[in-house]
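Novice: Sequence:
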Amino acid sequence: MKKTMKTVLPLLLVFMLVLTACGQKGTNQNAGNANTPAGDGNQQEIKKLKVGMVTDLGSVNDKSFNQSAWEALQQLKKDYGFEVKYLEPKTDADVVPNLNQFVKANYDLTWATAYTLADAVTQLANENPDSMFGIVDSDLTLPNVASVSFKEQEGSFLVGVIAGLTTKTNKIGFVGGMEIPVIKRFEVGFREGIKAVNPDAKLTVNYTGLFNRVDMGKSAASTIYNDGADIIFHAAGLTGNGVFNEAKERNSKGGKVWVIGVDKDQSLIFGDDVTLTSMVKKVDEAVYQISKSLAEGNFPAGQVTLMGLKENGVDIAPTSDKNVDPEVLAKVEEYRQKIINGEIVVPVE
776 MKKTMKTVLP LLLVFMLVLT ACGQKGTNQN AGNANTPAGD GNQQEIKKLK VGMVTDLGSV
836 NDKSFNQSAW EALQQLKKDY GFEVKYLEPK TDADVVPNLN QFVKANYDLT WATAYTLADA
896 VTQLANENPD SMFGIVDSDL TLPNVASVSF KEQEGSFLVG VIAGLTTKTN KIGFVGGMEI
956 PVIKRFEVGF REGIKAVNPD AKLTVNYTGL FNRVDMGKSA ASTIYNDGAD IIFHAAGLTG
1016 NGVFNEAKER NSKGGKVWVI GVDKDQSLIF GDDVTLTSMV KKVDEAVYQI SKSLAEGNFP
1076 AGQVTLMGLK ENGVDIAPTS DKNVDPEVLA KVEEYRQKII NGEIVVPVE
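The opening position of the sequence shown corresponds to residue 776 in the numbering used here, with each subsequent residue numbered one higher.
Treat each hint with caution, since some may be false.
Below, in silico cross-link-like pairs of lysine to any residue (SDA-like), each with a Cα-Cα straight-line distance of 25 Å or less [stated by the list, open to error]:
(1) Lys-825 <-> Met-953
(2) Lys-1023 <-> Phe-1074
(3) Lys-1085 <-> Pro-1101
(4) Lys-959 <-> Asn-973
(5) Lys-946 <-> Lys-977
(6) Lys-946 <-> Met-991
(7) Lys-1028 <-> Gly-984
(8) Lys-860 <-> Ser-906
(9) Lys-879 <-> Ala-1076
(10) Lys-1028 <-> Asp-990
Per label pair, the in silico range of CB-to-CB distance [to be verified]:
(11) Val-1120 <-> Ile-955: 15 to 23 Å
(12) Lys-977 <-> Val-1123: 18 to 26 Å
(13) Lys-1113 <-> Asp-1002: 53 to 61 Å
(14) Pro-974 <-> Val-1120: 43 to 51 Å
(15) Gly-1046 <-> Thr-998: 21 to 29 Å
(16) Lys-822 <-> Gly-1030: 48 to 56 Å
(17) Glu-1124 <-> Glu-1024: 31 to 39 Å
(18) Ala-880 <-> Pro-974: 22 to 30 Å
No lab work stands behind these hints, which were simulated from the structure alone. Cβ atoms here follow ideal geometry from the backbone N, Cα and C, with glycine treated the same way.
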């Protein structure tokens, strides 16, 4: 799909996104927790909306981007009384009907959580110009669609620095889901971060082709670890859970390998005995604030929110100091500032 011209979200919304803090993971119920948006601390009365969400072919409990988006809607239900619901398509053919189900039910806003749903959103948005849509990891600029995109390459560069300075074997792995632009940004940024601090390290890359196959993630990790890698960064959604499973199995038998998590602080899910760090991508913050903006009357339809390190949209996990040496974290901070200041521009391909 050809890219359309990107429009930067008005400064007010970006400011709101930056201010909102992240916290801990919660359940699929409505309890607020540290990995859901904290809200504003001042829950003034706003219009109570009906907001629906369609995942990719993964799961709302993928411990990754789908779950982050759903937790944001759960928090909006808690904070403002929004009516929220999700649907999980099982095949590509289910995506348009799932989106259309929310349109026909007169939902105020329908979210699509992934780049792979962009064609379906385009179709439904054109057919229903009075319905509002949101999409993650896309640059659609249709008049009734608010898009959010992230500079994954920037956060991935930082975890690449960590991997490059932490590996003991000089062999590192990357497991991706589908080989699409958004996942390539993870890979390229990671590669560049490793190269910046350890040009002799070897990076092995494996794309499984799917985001919803835990078994394929485990198999890919097994192959990479067998080749001598001691650290794997995954950007594979539910498939990436298999990378953790393989690492845990090896460590339980006396080995010592690491996983770098993605999207959420995955040490809170899989444990800090196997999670070196995570590249946190704040999908929850974007979904929360953009949804709230519709209730407040300033929905950024036709615009793209672009979030990187400077906008507090990506970062390393706050728990990184548990396993990453202080000297390494100091080097990460050095590179963070260089990226924010524009001294380093991380490539995307």
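Novice: Hint by hint, note whether the structure agrees.
Specialist: Here is what the structure says about each hint:
For a cut-off of 25 Å, the pair hint linking Lys-825 to Met-953 is broken: about 31 Å separates their Cα positions. Only pairs whose Cα atoms come within 25 Å are accepted, and Lys-1023 paired with Phe-1074 is rejected, the gap being roughly 44 Å. Proposed proximity of Lys-1085 and Pro-1101 is supported: the alpha carbons are some 22 Å apart, at most 25 Å. Taking the CA atoms of Lys-959 and Asn-973, the gap is near 21 Å; set against the 25 Å cutoff, the hint holds.
Proposed proximity of Lys-946 and Lys-977 is supported: the alpha carbons are some 5 Å apart, at most 25 Å. A C-alpha spacing of about 21 Å is found between Lys-946 and Met-991, which places the hinted pair at or below 25 Å, so the restraint holds. Proposed proximity of Lys-1028 and Gly-984 is contradicted: the alpha carbons are some 29 Å apart, above 25 Å. At most 25 Å may separate the alpha-carbon atoms for a hinted pair to count; Lys-860 and Ser-906 meet this at roughly 16 Å.
Simply put, Lys-879 and Ala-1076 have alpha-carbon atoms about 20 Å apart, close enough for the 25 Å limit, and the pair holds. A hinted pair counts as satisfied when its Cα atoms are at most 25 Å apart, and Lys-1028 with Asp-990 qualifies at roughly 20 Å. Checked against the given bound of 15 to 23 Å, the beta carbons of Val-1120 and Ile-955, roughly 22 Å apart, stay inside it. A C-beta distance of roughly 22 Å is found between Lys-977 and Val-1123, which places it inside the suggested range of 18 to 26 Å.
Roughly 32 Å separates the CB atoms of Lys-1113 and Asp-1002, a value that falls outside the hinted 53 to 61 Å. At roughly 19 Å, the beta carbons of Pro-974 and Val-1120 sit outside the given window of 43 to 51 Å. For Gly-1046 and Thr-998, the Cβ-Cβ distance of about 23 Å falls inside the hinted range of 21 to 29 Å, so the restraint holds. Checked against the hint of 48 to 56 Å, the C-beta distance between Lys-822 and Gly-1030 comes to roughly 54 Å, which is consistent with it.
A C-beta distance of roughly 34 Å is found between Glu-1124 and Glu-1024, which places it inside the suggested range of 31 to 39 Å. Here the CB-CB span from Ala-880 to Pro-974 is close to 55 Å, at odds with the stated 22 to 30 Å.
Hints 1, 2, 7, 13, 14 and 18 from the earlier list are contradicted by this structure; the remaining hints agree with it.
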